[in-house]
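Those protein sequence lines, which keep their order, are chains A and B.
Letter by letter, the first sequence follows residues 1 to 273 of this note's numbering.
Letter by letter, the second sequence follows residues 1 to 273 of this note's numbering.
The reader is advised that the hints may include incorrect statements.
Note: identical chains are not told apart, hence a pair may lie in one copy or across any two.
Claimed, not checked - Below 27 Å or equal to it, Euclidean Cα-Cα: the simulated DSS-like pairs (lysine-lysine) are:
| id | residue 1 | residue 2 |
| --- | --- | --- |
| 1 | Lys99 | Lys118 |
| 2 | Lys206 | Lys118 |
| 3 | Lys99 | Lys133 |
If you are wondering where the hints come from, they were derived from the structure by calculation, not from laboratory data.
As a plain string of letters, each chain reads:
2 protein chains.
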Amino acid sequence: MRIAFQGESGAFSEAALFEHFGSETESVACPSFRDVFLAVETRNCDFGIIPIENSLAGSIHQNYDHLIESQLNIVGEHFLRVRHCLLAKPGVRLQEIQKVISHPQALAQCEHYLRSLKGVTVEPFYDTAGSVKAVSEMESRDVAAIASKRAAEVYGLHILQEGIEDNQANFTRFLVLSIDSGSDPGEDAKTSIVFTLANQPGSLFKAMSVFALRDIDLTKIESRPLVGKPWEYLFYIDFLGSTTNLTITRALDHLREYSINLRVLGSYPRHRL
Amino acid sequence: MRIAFQGESGAFSEAALFEHFGSETESVACPSFRDVFLAVETRNCDFGIIPIENSLAGSIHQNYDHLIESQLNIVGEHFLRVRHCLLAKPGVRLQEIQKVISHPQALAQCEHYLRSLKGVTVEPFYDTAGSVKAVSEMESRDVAAIASKRAAEVYGLHILQEGIEDNQANFTRFLVLSIDSGSDPGEDAKTSIVFTLANQPGSLFKAMSVFALRDIDLTKIESRPLVGKPWEYLFYIDFLGSTTNLTITRALDHLREYSINLRVLGSYPRHRL
Numbered sequence: 001m002r003i004a005f006q007g008e009s010g011a012f013s014e015a016a017l018f019e020h021f022g023s024e025t026e027s028v029a030c031p032s033f034r035d036v037f038l039a040v041e042t043r044n045c046d047f048g049i050i051p052i053e054n055s056l057a058g059s060i061h062q063n064y065d066h067l068i069e070s071q072l073n074i075v076g077e078h079f080l081r082v083r084h085c086l087l088a089k090p091g092v093r094l095q096e097i098q099k100v101i102s103h104p105q106a107l108a109q110c111e112h113y114l115r116s117l118k119g120v121t122v123e124p125f126y127d128t129a130g131s132v133k134a135v136s137e138m139e140s141r142d143v144a145a146i147a148s149k150r151a152a153e154v155y156g157l158h159i160l161q162e163g164i165e166d167n168q169a170n171f172t173r174f175l176v177l178s179i180d181s182g183s184d185p186g187e188d189a190k191t192s193i194v195f196t197l198a199n200q201p202g203s204l205f206k207a208m209s210v211f212a213l214r215d216i217d218l219t220k221i222e223s224r225p226l227v228g229k230p231w232e233y234l235f236y237i238d239f240l241g242s243t244t245n246l247t248i249t250r251a252l253d254h255l256r257e258y259s260i261n262l263r264v265l266g267s268y269p270r271h272r273l
Numbered sequence: 001m002r003i004a005f006q007g008e009s010g011a012f013s014e015a016a017l018f019e020h021f022g023s024e025t026e027s028v029a030c031p032s033f034r035d036v037f038l039a040v041e042t043r044n045c046d047f048g049i050i051p052i053e054n055s056l057a058g059s060i061h062q063n064y065d066h067l068i069e070s071q072l073n074i075v076g077e078h079f080l081r082v083r084h085c086l087l088a089k090p091g092v093r094l095q096e097i098q099k100v101i102s103h104p105q106a107l108a109q110c111e112h113y114l115r116s117l118k119g120v121t122v123e124p125f126y127d128t129a130g131s132v133k134a135v136s137e138m139e140s141r142d143v144a145a146i147a148s149k150r151a152a153e154v155y156g157l158h159i160l161q162e163g164i165e166d167n168q169a170n171f172t173r174f175l176v177l178s179i180d181s182g183s184d185p186g187e188d189a190k191t192s193i194v195f196t197l198a199n200q201p202g203s204l205f206k207a208m209s210v211f212a213l214r215d216i217d218l219t220k221i222e223s224r225p226l227v228g229k230p231w232e233y234l235f236y237i238d239f240l241g242s243t244t245n246l247t248i249t250r251a252l253d254h255l256r257e258y259s260i261n262l263r264v265l266g267s268y269p270r271h272r273l
């Protein structure tokens, strides 16, 4: 099996891929999210995996846009706990470190820890896995990178400290994409939909009533204003249950009475962290 | 007036600052979002301005966290249209460009345009304004950066092409923060709140009824799972109207009957793009 992910080898997306599919899988690195979709659409890869939301950074609207534009189905989800590690060349001790490089978001997420390292300067880098690669290729031994444990293995670095993020509740949710709709997701399933509503007072309340009246539990709701169409909103909703269930299909039929466009992105087994 | 923003001079946050407060204002660059909050809390600055959501990249949960932790009030909002420009050294022509550098998100947002430039390589950089600074300090003349028009002025570069983003509907919403609550936001106002609900089927429906029953129009709703508390959710809601209005205060009192924690982040004049 070949699975497409965005980023360099050792990226958090690749870690999610191996956690979800097992370490025997072949991971295919893609430069951009769009390339992940293309790899699956052209059947170059069996599945793709993309981040859709992070507990600190929020939803990635761009990937919702790609989902809406493509005909791919969501066939799975995966929550990855983001654990940052401080990595250096083999043999280097923590006291020797003078500079730490990583993606600005990773640096920000380890702010308290970095402040505790007296006299250490911090330098932003375009990518977490890329910063590890850079350290591995450097002459000097006093620079450390912040990235995943896996990135240390990929580039032969040594872990100085693990779990250095300030907020332990840092996780990213990934979606698994396929050109075919998945097999029956079973009893403990989730469904993701997107739809548009006219911006009238109470229109969202009506839309939500189709779930509340049928005791369907929502796990995510998010509005996104459609720019250029100032009175319209796009809504992302995830709920428990799959489209193989009659109550769910009735709720969706009911929702079509109020919504302008409704697209079911997929029903898939729920992943519990 | 001194206003704090995150990033380097020429960043999109600074552009929003000048659009909102006028070009006579003194802008104060801060390394992190947390430093923006600190600058306002310690009265080193009169106001702070922070991005809260982007139409392509989504909400910035981290800044909601800072808002919840701090006692600062939202006293204004500002929508900034994000227009990317291709920038090079003075006198350089488009045909001479061999390499383009910028933040990966800016490169991704100009993907179609960049592909139209035959034979040009692309290299990620940690920051848009930083990439402009780098080009201005380079010996070679065949490198261009992608950033705001303002960054070109700050670092003395020349605009090769303006508005090169693939999606014209690219905007960022900023919030203006103050240690004092703002003056009366007037008739055309918005209010931002955060609250927690127990994850029971229908609990969000009840919470929304307090607005629907009073014909209060929502402009944003977003759920965010609380990690470590698997059955609880944090909700962000923005609605039209201010807490100086009796209908609004009654709706909020009503919402307190269902919600676990409710915090009013501020009422402020609505900004229309």
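Point to revise | Alpha-carbon proximity context of Lys206 and Lys118, limit 27 Å | key: The answer is neither: 56 Å in one copy and 51 Å across copies each exceed 27 Å.
Point to revise | Within, between, both or neither: Lys99, Lys118 at alpha-carbon 27 Å | key: Within one copy, since 11 Å is at most 27 Å while 38 Å is not.
Practice item. Check Lys99 against Lys133 for me: Cα-Cα at most 27 Å, and say if that holds within a copy, between copies, both or neither. Key: Answer is both: 15 Å inside a copy and 21 Å across each meet the 27 Å cutoff.
When each numbered hint is compared with the structure, a violation occurs for hint 2 only.
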